[in-house]
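2 protein chains.
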Amino acid sequence: MSKILIIGAGRSSSSLIDYFLSNAKTYAWHITIADANKKVVESKITNYKEVASAVEFDVNNVSLREELIKQADFVVSMLPAFMHGDVARDCVRLGKHIATASYVSQDMKDLDAEAKQKNLLLLNECGLDPGIDHASAMKVIHEIQDKGGKITSFKSFCGGLVAPESNDNPWGYKFSWNPRNVILAGQGTAQFIEEGKLKFIPYNRIYTQIETIEVDGYGKFDAYANRDSIGYKEPYGLNDANTMLRGTLRMPGYCKAWNVFVKLGLTDDTYKIKNANTLTYTDLLEAFLPKGSASVKDKLVNFMGVDIDAEVMSKLEFLELFSNRPIKLKEGSPAELLQNLLEEKWLLKTGDKDMIVMQHQFEYNLNGANKKLESSLVVIGDDEVHTAMAKTVGLPLAISIKNFLTGKFKLYGIQIPTVKEIYEPMLSELEGLNIIFTEKEV
Amino acid sequence: MSKILIIGAGRSSSSLIDYFLSNAKTYAWHITIADANKKVVESKITNYKEVASAVEFDVNNVSLREELIKQADFVVSMLPAFMHGDVARDCVRLGKHIATASYVSQDMKDLDAEAKQKNLLLLNECGLDPGIDHASAMKVIHEIQDKGGKITSFKSFCGGLVAPESNDNPWGYKFSWNPRNVILAGQGTAQFIEEGKLKFIPYNRIYTQIETIEVDGYGKFDAYANRDSIGYKEPYGLNDANTMLRGTLRMPGYCKAWNVFVKLGLTDDTYKIKNANTLTYTDLLEAFLPKGSASVKDKLVNFMGVDIDAEVMSKLEFLELFSNRPIKLKEGSPAELLQNLLEEKWLLKTGDKDMIVMQHQFEYNLNGANKKLESSLVVIGDDEVHTAMAKTVGLPLAISIKNFLTGKFKLYGIQIPTVKEIYEPMLSELEGLNIIFTEKEV
Chain P
2 MSKILIIGAG RSSSSLIDYF LSNAKTYAWH ITIADANKKV VESKITNYKE
52 VASAVEFDVN NVSLREELIK QADFVVSMLP AFMHGDVARD CVRLGKHIAT
102 ASYVSQDMKD LDAEAKQKNL LLLNECGLDP GIDHASAMKV IHEIQDKGGK
152 ITSFKSFCGG LVAPESNDNP WGYKFSWNPR NVILAGQGTA QFIEEGKLKF
202 IPYNRIYTQI ETIEVDGYGK FDAYANRDSI GYKEPYGLND ANTMLRGTLR
252 MPGYCKAWNV FVKLGLTDDT YKIKNANTLT YTDLLEAFLP KGSASVKDKL
302 VNFMGVDIDA EVMSKLEFLE LFSNRPIKLK EGSPAELLQN LLEEKWLLKT
352 GDKDMIVMQH QFEYNLNGAN KKLESSLVVI GDDEVHTAMA KTVGLPLAIS
402 IKNFLTGKFK LYGIQIPTVK EIYEPMLSEL EGLNIIFTEK EV
Chain H
2 MSKILIIGAG RSSSSLIDYF LSNAKTYAWH ITIADANKKV VESKITNYKE
52 VASAVEFDVN NVSLREELIK QADFVVSMLP AFMHGDVARD CVRLGKHIAT
102 ASYVSQDMKD LDAEAKQKNL LLLNECGLDP GIDHASAMKV IHEIQDKGGK
152 ITSFKSFCGG LVAPESNDNP WGYKFSWNPR NVILAGQGTA QFIEEGKLKF
202 IPYNRIYTQI ETIEVDGYGK FDAYANRDSI GYKEPYGLND ANTMLRGTLR
252 MPGYCKAWNV FVKLGLTDDT YKIKNANTLT YTDLLEAFLP KGSASVKDKL
302 VNFMGVDIDA EVMSKLEFLE LFSNRPIKLK EGSPAELLQN LLEEKWLLKT
352 GDKDMIVMQH QFEYNLNGAN KKLESSLVVI GDDEVHTAMA KTVGLPLAIS
402 IKNFLTGKFK LYGIQIPTVK EIYEPMLSEL EGLNIIFTEK EV
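Going line by line, the protein sequences match chains P and H. If you count the first sequence from 1, you need to add 1 to reach my numbering. If you count the second sequence from 1, you need to add 1 to reach my numbering.
The set of hints was computed from the structure by calculation and includes no laboratory data. Among the clues, some could well be false.
One copy or any two copies: either way a pair holds, since identical chains are not told apart in the list.
[Said to hold, decoys possible] Using 25 Å as the maximum straight-line C-alpha spacing, the simulated BS3-like pairs for lysine-lysine come out as follows:
#1 Lys292 with Lys257
#2 Lys300 with Lys198
#3 Lys257 with Lys300
#4 Lys221 with Lys4
All figures in this text were calculated on a predicted structure; none of them were measured in a lab.
Starting from the given sequences, assemble the full structure and let the hints guide the process.
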């Protein structure tokens, strides 16, 4: 019998929790779910009383955290990424395995040696992106390399979007995950390699230097470069690739409109505007525009010049930016004030379905011939709770933990799903759950 | 007898040290100068052996710091701003006064109550900008208000530049203070009030939304908005002003050229480029440009469009950006790599003179009439060591400490030179040292 502790039962945890609950009897698991909101957890486990229990959890209660971890065999942290460190340190000290869907942090690196020595697993980057992207890319990369092919170019794109049937706003976007991350997306400088050359795109033009990708049956998408792609060369074994780019997908036209906010400065999160609730969103917009007697709308059009068009304007009008809509927050950064508006405008409503789109593009040389291969994934959510996002973040994690607990792989210390032992059984079970990549020679 | 401890004898400290040394006998002071480089200090005090001593100082040596502070009556911290906190905490604990030329920090605010209770002075913002700007602005503001005038608009500009006789590069700029601050200048969002409205300018367009100011005898200057001007309304007693703007001055054309670096992303300090010394500055430039087969110069011209012209190009060519000049640093952020180049190109050479320019612009209503007043200051340095920057940063601080020690003002806790008791004797002594504002009704 294995005792699994899940910390955090928020938006992204629903499919993960369902998977553990429905498989608990089969594998002799006991599932403890700890969350700040015990009632929500209790409603989720009503039908699983003999295999699951709910615990009210306060992240600041160190002794409770320690007590819960002590009683578990395997800990899954679904907390915000910056909170994994404390949980992981307790786990390694107390001799427990831990898994997260987040990027490998410095905290994890600091624990790696001790975890290896104690035969403890520190599974990370095992959600969607990072997670399924690693697994599905590595599968193709290994297949090409096993045939003797040499990969010259690798591009990989992913986006958490809204399904066509629920796409009823001009942005083609609704929140299926942490809204704050969407508002701040792209901040910093994107780094990648293109045709053998180092490339940097700073935030101020990340939404203007976009490319278009196409997924059969789903049409075209905007793609903008995402963070540091160069760091993936080595873990992916692509040291010879001339092009290495990871990007984020949005519906066509989204980037041009979002760039208005970037250029204005409306996504800045570094200072607070006081007494914001004495202003309207039109005042806020005007505060970022040069002075003048024209209407705010006309000033914006003048200011943006060629960077604005009727489609962009309809997106901005949908947000009531020119309608003197009052700001509700008493104080907030421009980014926070914008988020507060978008959380209402981009809400995933009852019955709405979200959509995950991922596409890898490989160029490789095999026996002297240059070839192109595309591997694409589209997942549509069931509804606004059982989202494609929750499935694709939670299931690879849950499946991999099961595979570890049932001895399908025996690896310790920091692991991410770039190795065959982890990604092969993960991808094959995901296929059974209708999370299926389609490959296409171009 | 007063014992004065000066911590930090760098570039900006020369005039401050000279002032203390030459006045030491008159006022019965003993001056201890603590710096990482004891030899430099020893050379400065050769002629002042009976009133001064040099100490080798390691910022990390907590017990030495405490020992030195214990022996002093008044401590002057000329360390980088982020280091003042430790010094100030020691001072307040040990019952010593402290002065800095830096902005009032949270550390200082935290010490304010205890300092007031112990009758200890925490003098801050007592250099050039902040410092002389506060003093000279408040003098005019108080004069106008004393006559019954109401100030409707206040703009204040300051720049550390190169004197016309030493202006021999196309940028019209050489480093007279911390180069890193020049490279990172403007990052964040400028906040000000213009014609009664809140205004924000983010970094991505701070160097494009400039205004031109003119100083009699010295011609025109570019001015870009500087940090948070709104926070000055209250301390300046200008709650009714419709316009409140502080700005930074550069020679005409500087901003248009610097904006190339901002738009490219070359001033980013948030990530390191590894093996940078395998690249040239032309490679670095290319990494920020879209791909293409044209020369780097042609790609840049295409990329910048209307934002580039022959004058900008001559500035970039002066920096050898198109000449495959090797990068020397093994690793660095884009900002650090750029700084490394500029430190050579913008060096204040032997005999070079720097120049400080400051201008306040007041609009006010007096007896029903609208009036305009300009108050301007130009200070030229003696040479590359006795710079206008060192004089205008160090002298107001030294003078105010003397005025405090001689009982000219008796104020405790956090003080900045916005109050008459501090600014009046400071400005009057500065006039005797040829740091003189010229007022002009416009």
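Each hint, compared with the structure:
1. In this homomeric assembly, Lys292 and Lys257 come within 25 Å of each other (Cα to Cα) both inside a single copy, at 24 Å, and across copies, at 20 Å.
2. With identical chains, the CA atoms of Lys300 and Lys198 are at most 25 Å apart between copies only, with a shortest distance of 15 Å across copies and 39 Å within one.
3. In this homomeric assembly, Lys257 and Lys300 come within 25 Å of each other (Cα to Cα) both inside a single copy, at 18 Å, and across copies, at 22 Å.
4. Taking the shortest alpha-carbon separations for Lys221 and Lys4, neither the intra-copy value of 45 Å nor the inter-copy value of 74 Å comes in at or below 25 Å.
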